[in-house]
Amino acid sequence: DAGVIQSPRHEVTEMGQEVTLRCKPISGHDYLFWYRQTMMRGLELLIYFNNNVPIDDSGMPEDRFSAKMPNASFSTLKIQPSEPRDSAVYFCASSRTKGTGELFFGEGSRLTVL
Amino acid sequence: ILNVEQSPQSLHVQEGDSTNFTCSFPSSNFYALHWYRWETAKSPEALFVMTLNGDEKKKGRISATLNTKEGYSYLYIKGSQPEDSATYLCAFIYGGATNKLIFGTGTLLAVQP
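In order, the protein sequences belong to chains S and F. The letter at position 87 of the first sequence is residue 91 when you use my numbering, and the numbering goes up by one with no holes. The letter at position 101 of the second sequence is residue 189 when you use my numbering, and the numbering goes up by one with no holes.
Isolated chain S (complex conformation) (with noise of 0.2 angstroms):
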């Protein structure tokens, strides 16, 4: 199995700019995750996926943020505009059961905004 996929792995881009970051869960895993990793906070759940449907986005910043999952296979998390603030490690993870399944997590995406 490939394991969870993310793309890209660095990006910088400058501030106002769109930021999309993308993620291929694990085929045959029913819950995809967006976490976001920051010195102060540690893993925050920004929103999480069940069957592509969003489940809870109480996590999500702000309207500067979005989530899609168009298909079971592919999941973007998008920034606009982007702010310095925003620069951290995005995490996607995905799993198969509710609760007692373990999260698989890809290798995430290093975002920095100047």
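Take the hints with a grain of salt, since some may be wrong.
Here are the simulated DSS-like cross-link-like pairs (lysine-lysine), alpha carbons at most 27 angstroms apart as the crow flies [stated by the list, open to error]:
{"no.": "1", "chain 1": "F", "residue 1": "Lys188", "chain 2": "F", "residue 2": "Lys130"}
{"no.": "2", "chain 1": "F", "residue 1": "Lys146", "chain 2": "F", "residue 2": "Lys188"}
{"no.": "3", "chain 1": "F", "residue 1": "Lys166", "chain 2": "F", "residue 2": "Lys147"}
{"no.": "4", "chain 1": "F", "residue 1": "Lys147", "chain 2": "F", "residue 2": "Lys188"}
{"no.": "5", "chain 1": "F", "residue 1": "Lys147", "chain 2": "F", "residue 2": "Lys130"}
{"no.": "6", "chain 1": "F", "residue 1": "Lys188", "chain 2": "S", "residue 2": "Lys28"}
{"no.": "7", "chain 1": "S", "residue 1": "Lys72", "chain 2": "F", "residue 2": "Lys157"}
{"no.": "8", "chain 1": "F", "residue 1": "Lys145", "chain 2": "S", "residue 2": "Lys28"}
{"no.": "9", "chain 1": "F", "residue 1": "Lys188", "chain 2": "S", "residue 2": "Lys82"}
{"no.": "10", "chain 1": "S", "residue 1": "Lys28", "chain 2": "S", "residue 2": "Lys72"}
{"no.": "11", "chain 1": "F", "residue 1": "Lys188", "chain 2": "S", "residue 2": "Lys72"}
{"no.": "12", "chain 1": "F", "residue 1": "Lys145", "chain 2": "F", "residue 2": "Lys188"}
{"no.": "13", "chain 1": "F", "residue 1": "Lys130", "chain 2": "F", "residue 2": "Lys157"}
{"no.": "14", "chain 1": "S", "residue 1": "Lys82", "chain 2": "F", "residue 2": "Lys130"}
{"no.": "15", "chain 1": "S", "residue 1": "Lys28", "chain 2": "S", "residue 2": "Lys82"}
{"no.": "16", "chain 1": "F", "residue 1": "Lys166", "chain 2": "F", "residue 2": "Lys188"}
{"no.": "17", "chain 1": "F", "residue 1": "Lys146", "chain 2": "F", "residue 2": "Lys157"}
{"no.": "18", "chain 1": "F", "residue 1": "Lys130", "chain 2": "F", "residue 2": "Lys146"}
Not close to chain S: a few residues of chain F, all C-beta gaps over 12 angstroms, as computed [what the hints assert, rightly or not]:
{"no.": "19", "residue": "Gln94"}
{"no.": "20", "residue": "Gly104"}
{"no.": "21", "residue": "Gly194"}
Source of the hints: derived by calculation from the structure; they are not laboratory data. Computed from a predicted model, the values in this text were never measured in an experiment. C-beta: ideal position from N, C-alpha, C; glycine also.
Once you've looked at the hints, dock chain F against the given chain S.
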């Protein structure tokens, strides 16, 4: 606000030492507790998923226990090796309308050869 506390924040031990860390979580409405190992420049990998009070799980030299009534879990490493150096994260799920996995900030373990 649900909070997951881990202690200590960091730990430096010598090779061969045994060590343990603590994860504290709200004891009400418990659903599951996960432990993850996170090596530098890699992504977190699951060690254990625990659901029942009194659960004990073991993987090689690493083991974990769970007390849902008092809201804590211990992770033990027997005979630490340099390759055990990593951040150990616990994550908590409470029963309810949400399926959020709430992570603690982790314990950073450094094992000196």
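We went through each hint and held it up to the structure:
Taking the CA atoms of Lys188 (chain F) and Lys130 (chain F), the gap is near 23 angstroms; set against the 27 angstroms cutoff, the hint holds. As the CA atoms of Lys146 (chain F) and Lys188 (chain F) are separated by approximately 25 angstroms, the hinted pair is consistent with the 27 angstroms bound. Between Lys166 (chain F) and Lys147 (chain F) the CA atoms are separated by roughly 11 angstroms; this keeps the pair inside 27 angstroms, and the hint holds. Between Lys147 (chain F) and Lys188 (chain F), the direct Cα distance comes to roughly 26 angstroms. Compliance with the 27 angstroms bound is thereby established for this hinted pair.
For a cut-off of 27 angstroms, the pair hint linking Lys147 (chain F) to Lys130 (chain F) stands: about 20 angstroms separates their Cα positions. Pair hint Lys188 (chain F) plus Lys28 (chain S) holds up; C-alpha atoms about 20 angstroms apart against a cutoff of 27 angstroms. With a C-alpha separation of about 38 angstroms, the suggested pair Lys72 (chain S) and Lys157 (chain F) falls outside the 27 angstroms cut-off, and the hint is violated. For a cut-off of 27 angstroms, the pair hint linking Lys145 (chain F) to Lys28 (chain S) is broken: about 31 angstroms separates their Cα positions.
Annotation: proposed proximity of Lys188 (chain F) to Lys82 (chain S) holds, straight-line Cα distance about 21 angstroms (limit 27 angstroms). Proximity of Lys28 (chain S) to Lys72 (chain S) is assessed by CA-CA distance (about 12 angstroms); at most 27 angstroms being required, the pair is judged to hold. Between the alpha carbons of Lys188 (chain F) and Lys72 (chain S) the distance comes to roughly 18 angstroms, so the proposed pair stays at or under 27 angstroms and holds. At most 27 angstroms may separate the alpha-carbon atoms for a hinted pair to count; Lys145 (chain F) and Lys188 (chain F) meet this at roughly 23 angstroms.
Distance hint between Lys130 (chain F) and Lys157 (chain F) is unfulfilled; the C-alpha atoms sit about 34 angstroms from each other, more than 27 angstroms. With a C-alpha separation of about 23 angstroms, the suggested pairing of Lys82 (chain S) with Lys130 (chain F) holds against the 27 angstroms cut-off. For a cut-off of 27 angstroms, the pair hint linking Lys28 (chain S) to Lys82 (chain S) stands: about 15 angstroms separates their Cα positions. Of the pairs offered as hints, the one joining Lys166 (chain F) and Lys188 (chain F) is violated, with about 31 angstroms between alpha carbons and a cut-off of 27 angstroms exceeded.
A threshold of 27 angstroms between alpha carbons decides the hint, and for Lys146 (chain F) with Lys157 (chain F) the separation of about 21 angstroms falls inside it, so the pair holds. Of the supplied pair hints, the one linking Lys130 (chain F) and Lys146 (chain F) holds, its CA atoms being roughly 23 angstroms apart against a limit of 27 angstroms. In this structure Gln94 (chain F) is not separated from chain S by more than 12 angstroms, as the shortest Cβ-Cβ distance comes to only about 9 angstroms. Chain S leaves Gly104 (chain F) outside its interface by the beta-carbon criterion, the shortest separation being 29 angstroms against a cut-off of 12 angstroms.
Separation of Gly194 (chain F) from chain S is inadequate, the least Cβ-Cβ distance of about 7 angstroms not exceeding the 12 angstroms criterion.
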